[in-house]
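Order-wise, the sequence lines are chains A and B.
Counted the way numbering that gives the first Met the number 0 counts, the first sequence spans residues 0 to 356.
Counted the way numbering that gives the first Met the number 0 counts, the second sequence spans residues 0 to 270.
One thing to keep in mind: the hints can contain errors.
[What the hints assert, rightly or not] Every beta carbon over 12 Å from chain B, so not counted as near; a handful from chain A, in silico:
1. Thr6
2. Glu128
3. Met173
4. Asp262
[Stated by the list, open to error] The following label-pair restraints were derived from C-beta to C-beta distances:
5. Thr111(B) - Leu18(A): 22 to 30 Å
6. Pro38(A) - Asp164(B): 21 to 29 Å
7. Glu152(A) - Met82(B): 33 to 41 Å
8. Pro38(A) - Leu62(B): 54 to 62 Å
9. Lys102(A) - Met43(B): 35 to 43 Å
10. Thr47(B) - Lys102(A): 50 to 58 Å
11. Ser11(A) - Leu131(B): 54 to 62 Å
Since the hints were derived computationally from the structure, they do not count as laboratory data.
Cβ coordinates follow ideal geometry from the N, Cα and C atoms, glycine included.
Each chain, written out:
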Amino acid sequence: MKKELITLQNISKSYDGQLVLDDLNLFIRENEFLTLLGPSGCGKTTTLRILGGFETPDSGKVIFDGSDITTLPPNKRQLNTVFQKYALFVHMTIAENIAFGLKIKKKSASYIKDKIKYALKLVNLEGYENRMPDSLSGGQQQRIAIARAIVNEPKVLLLDEPLGALDLKLRQDMQYELIRLKNELGITFIYVTHDQEEALTMSDTIVVMNQGYIQQIGTPEKIYNEPENAFVADFIGDSNIIASTMVRDELVEILGARFACVDKGFGENAPVDVVIRPEDVELVAENTGTIEGVVSHIIFKGVHYEMEVMANGFEWLVHSTKMFPVGTKVGIKVDPYNIQIMNKPVSEDEEASTVNE
Amino acid sequence: MNRKKALQAPYLFWSVMFILIPLCMIFYYGFTDKTGAFTLENIMAIATAEHAKALWLSMLLSLVSTVLCLVIAYPLAMILSSMNVSQNSFIVVIFILPMWMNFLLRTLAWQTLLEKTGVINNILSFLHLPALNIINTPPAIILGMVYNFLPFMVLPIYNALVKIDKNVINAAKDLGANQVQTFIRIILPLSIPGVISGITMVFVPALTTFVISTLLGGSKILLIGNVIEQEFTRAGNWYLGSGLSIVLMIFIIVNMVLSSVFDKDGEGAIL
Numbered sequence: 000m001k002k003e004l005i006t007l008q009n010i011s012k013s014y015d016g017q018l019v020l021d022d023l024n025l026f027i028r029e030n031e032f033l034t035l036l037g038p039s040g041c042g043k044t045t046t047l048r049i050l051g052g053f054e055t056p057d058s059g060k061v062i063f064d065g066s067d068i069t070t071l072p073p074n075k076r077q078l079n080t081v082f083q084k085y086a087l088f089v090h091m092t093i094a095e096n097i098a099f100g101l102k103i104k105k106k107s108a109s110y111i112k113d114k115i116k117y118a119l120k121l122v123n124l125e126g127y128e129n130r131m132p133d134s135l136s137g138g139q140q141q142r143i144a145i146a147r148a149i150v151n152e153p154k155v156l157l158l159d160e161p162l163g164a165l166d167l168k169l170r171q172d173m174q175y176e177l178i179r180l181k182n183e184l185g186i187t188f189i190y191v192t193h194d195q196e197e198a199l200t201m202s203d204t205i206v207v208m209n210q211g212y213i214q215q216i217g218t219p220e221k222i223y224n225e226p227e228n229a230f231v232a233d234f235i236g237d238s239n240i241i242a243s244t245m246v247r248d249e250l251v252e253i254l255g256a257r258f259a260c261v262d263k264g265f266g267e268n269a270p271v272d273v274v275i276r277p278e279d280v281e282l283v284a285e286n287t288g289t290i291e292g293v294v295s296h297i298i299f300k301g302v303h304y305e306m307e308v309m310a311n312g313f314e315w316l317v318h319s320t321k322m323f324p325v326g327t328k329v330g331i332k333v334d335p336y337n338i339q340i341m342n343k344p345v346s347e348d349e350e351a352s353t354v355n356e
Numbered sequence: 000m001n002r003k004k005a006l007q008a009p010y011l012f013w014s015v016m017f018i019l020i021p022l023c024m025i026f027y028y029g030f031t032d033k034t035g036a037f038t039l040e041n042i043m044a045i046a047t048a049e050h051a052k053a054l055w056l057s058m059l060l061s062l063v064s065t066v067l068c069l070v071i072a073y074p075l076a077m078i079l080s081s082m083n084v085s086q087n088s089f090i091v092v093i094f095i096l097p098m099w100m101n102f103l104l105r106t107l108a109w110q111t112l113l114e115k116t117g118v119i120n121n122i123l124s125f126l127h128l129p130a131l132n133i134i135n136t137p138p139a140i141i142l143g144m145v146y147n148f149l150p151f152m153v154l155p156i157y158n159a160l161v162k163i164d165k166n167v168i169n170a171a172k173d174l175g176a177n178q179v180q181t182f183i184r185i186i187l188p189l190s191i192p193g194v195i196s197g198i199t200m201v202f203v204p205a206l207t208t209f210v211i212s213t214l215l216g217g218s219k220i221l222l223i224g225n226v227i228e229q230e231f232t233r234a235g236n237w238y239l240g241s242g243l244s245i246v247l248m249i250f251i252i253v254n255m256v257l258s259s260v261f262d263k264d265g266e267g268a269i270l
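Could you put the whole structure together from the sequences, leaning on the hints where they help?
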């Protein structure tokens, strides 16, 4: 396991009496691509700004490589930020933009020249030295913003929704570009986004946040396949979340029907939430499923059909490559491994503060 | 189309009646003598010692006032732009309040304050301090110009400063720049368009004023504005007055062309 580079200890922050981060604890390893994922107002950007030095937490500590940097100003930190909407210096050429940090550090002219060349090559914009930022497209400006940050050889690159202003196709291209950059540079990326697809594609570790609390930390696979609570399940991808009862270990009663599952330790007849991903719902011929239902909607999505199946009073969301016309009577089956059981939160407060790390 | 033309008509009428015709008249009088014959005499009259001196003094005083306005306005605009909206609007109101009062009234007020036996000197003598004798001197005129035209410098600079994205400033800090470096390399260059239009908006009215120099300079100090005014009102020589006006207009146009070269974004939007 790689060593911890940054540790956030008991960070709290509020604006105008409104709590944005509440006792947040998080560590970030060397060479990790870590994504802070959550809806707007969840505290992800504030966390990033605290890391960058643009905000000071009300309480708690930021430890970077063994030393406390909580109150260190941004210009003294060994990390660089790629801002939302690029924040390029519009009165300078591309070369001057990239050279900005190096000139401040009083590097030699030849060193700066080499670095500009290297950085432009890295972001595939060779020969753009003398252009002005305004003459570049959004995607190109974003790559310049990245080049401007990485020439300073930071240990950590902070990225604040850098792809938010780009169109879909460009966003997907840039995702691959960012993964390539991270691997070539071998540094830590801390990425903030509200886009779950972006997070799943690029990250080594995803931190799902809501209302200032960390909801779950894990690999993309773990977050997607084993969400720890209904918020995570709902936020990451589509899902069927159904209030159910755990009859005993490895047996759960969903909408009156009993399904085999693989989870244990919830007790007997305990109320739980069950998450079943739409692609894990298997539609079979009438009278052969665990539950019987009727197809009520169907939409063609390209790779698959998205169907809604009304069964035992619940509208099941189903993704399948097989087509069942509206009105077809079908059976529903779910593989035991694809049923994810979650503890039911007792109150809304508890829902927000469930942290298992 | 006709409807559009009908809507334009009042503006067209206005432009012709109150801008185009007076301008043509200025040019007519400027280039003719009393017999109606063409002459450059009225234009060349600027070269006479008396007129050249007035123009030179006008330029000097407007330049000093503009520099003083800039020095005072820039920090003020920075303070205003760094405040949040609720504090900011209060300060702006405090600052703009005097502007709602009549220009003439404000200048007259300064006359009363600065007089030999005026309010300021009364207070100074009460405190046994030496009297302030600047009324009817160039410093009094500069004071009047700076006081009256300061808001015209503050507002464009303020507008340029608030338009700078906070993240651009954060990016500079993020890349290692300290406060001073951030100011010199980022904030100052990005605010230049505001500074340029501020300079124009102060320099041009300062150059052409005759009210401030009349009230605070007594009749001893003649600026080019006073000379022109006197040609029209007292000497009744419209020909000379128009000729000198044309010269002054050329100076103003040169100033505006220069500033529009620097102010590409049209921050001031005068030309």
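For each hint, the structure was consulted:
1. Thr6: Thr6(A) is indeed farther than 12 Å from all Cβ atoms of chain B, at 21 Å.
2. Glu128: holds (18 Å)
3. Met173: holds (19 Å)
4. Asp262: holds (46 Å)
5. Thr111(B) - Leu18(A): 22 to 30 Å: violated (57 Å)
6. Pro38(A) - Asp164(B): 21 to 29 Å: Given about 24 Å between the Cβ atoms, the range holds.
7. Glu152(A) - Met82(B): 33 to 41 Å: holds (37 Å)
8. Pro38(A) - Leu62(B): 54 to 62 Å: holds (57 Å)
9. Lys102(A) - Met43(B): 35 to 43 Å: Cβ of Lys102(A) to Cβ of Met43(B): about 53 Å, so the range 35 to 43 Å is violated.
10. Thr47(B) - Lys102(A): 50 to 58 Å: holds (54 Å)
11. Ser11(A) - Leu131(B): 54 to 62 Å: holds (57 Å)
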